[in-house]
Amino acid sequence: MPELPEVETMVRGIRPFVEGRTIAAVRVCGCRCRPITLFPGLKSMARRSVGRHVAAVRRIAKRVVMELDSGDAFVIEPRMTGLMLLHDPPDPEHLRIEWRFAGRREFNSVWFWDRRGLGTVRLLTAVEFAELSGGGLLGPDALTMTANDLRERMAATRRPVKVALLDQRLVAGIGNLYASEILHVARIHPAVPAARLTAPQADRIHAATRLVLEDAIRHEGSTLGDGTYRNVLNQNGGYQNSHRVYDRADEPCPTCRRAKVIRIVQAQRSTFFCPVCQRKRQH
DNA sequence: CATATGTCCTGAGAGC
DNA sequence: TGCTCTCAGGACATAT
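So for the first sequence, my numbering puts the first residue at 1255; every next one is plus one.
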């Protein structure tokens, strides 16, 4: 499930082969699948982008953005199972969109591949794009937010801190996997109401967020048991081997080695934590 | 307004 | 063996 580290890995992976290139074609590919959500339709997408240069490739929260010299921007949301690929898809039938570039280099296309098809590809105008990135729909980026950002955001909701960390309007980029990892490093119980966090506790979450996300980026993200996430060369990420608690119910806590990691459900999502290291009341 | 739940989708695994 | 059922969760829509 692509969260900030996986999407950052996609961006860094395609950037050297996409930035500065001229778009020669955009087409729908794959076969038996229901078409994924495209906005606007493929025709106007192609009309507005073919012949344009890709001015920049960057990440906004959990989205990949390819900005064109016209000011329009492709915004790709991988959601659960989407990937950006330079070649060699996990399977050919779930390829969804291909961007082909003019000229001949090592890679001349980039693909969006998506097994479940929940992802979206949109071509936004400069105005629409500005609304997305600065319209209050997304909180500060989890990788660059300040400690004060996080304290203020957490103070604004009574929801459990784990659930609050998943709200992209509060903090952008954290998903279900990294929320558990971050809270374990920060030694915070996931059910604590966010507004009840003390300032030092919120600061621990801030520091843990940076630590965990940067480490996960270094390892090129997490490839879970279902093998869905792959980097742009269709290789596994490596951070799953460093997971402390996620999907490790009944295994010993890597910190205290005494308690077993337990799994609870919050807002219909799995949360993993150590009941000893992440006690609600600390002494 | 804040919070909670339902929906989309496919493949893996369980159970009979 | 082969069927049906449940589960996984990011973001958005709808309900309370």
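Keep in mind that a hint or two might mislead.
To be verified - Each pair of labels, with its calculated beta carbon distance range:
{"hint": "1", "residue 1": "THR1379", "residue 2": "ARG1511", "range": "53 to 61 Å"}
{"hint": "2", "residue 1": "PRO1270", "residue 2": "ARG1512", "range": "27 to 35 Å"}
{"hint": "3", "residue 1": "THR1379", "residue 2": "ALA1401", "range": "52 to 60 Å"}
{"hint": "4", "residue 1": "VAL1381", "residue 2": "ARG1511", "range": "51 to 59 Å"}
{"hint": "5", "residue 1": "ASN1402", "residue 2": "GLU1347", "range": "45 to 53 Å"}
{"hint": "6", "residue 1": "GLU1347", "residue 2": "ALA1410", "range": "23 to 31 Å"}
These are computed hints drawn from the structure, not numbers from a lab. Beta carbons are placed, not taken as given, at the ideal position from N, Cα and C, and that holds for glycine.
Original post:
Looking at the structure, which of the earlier hints fail to hold?
Top reply: 2, 3 and 6
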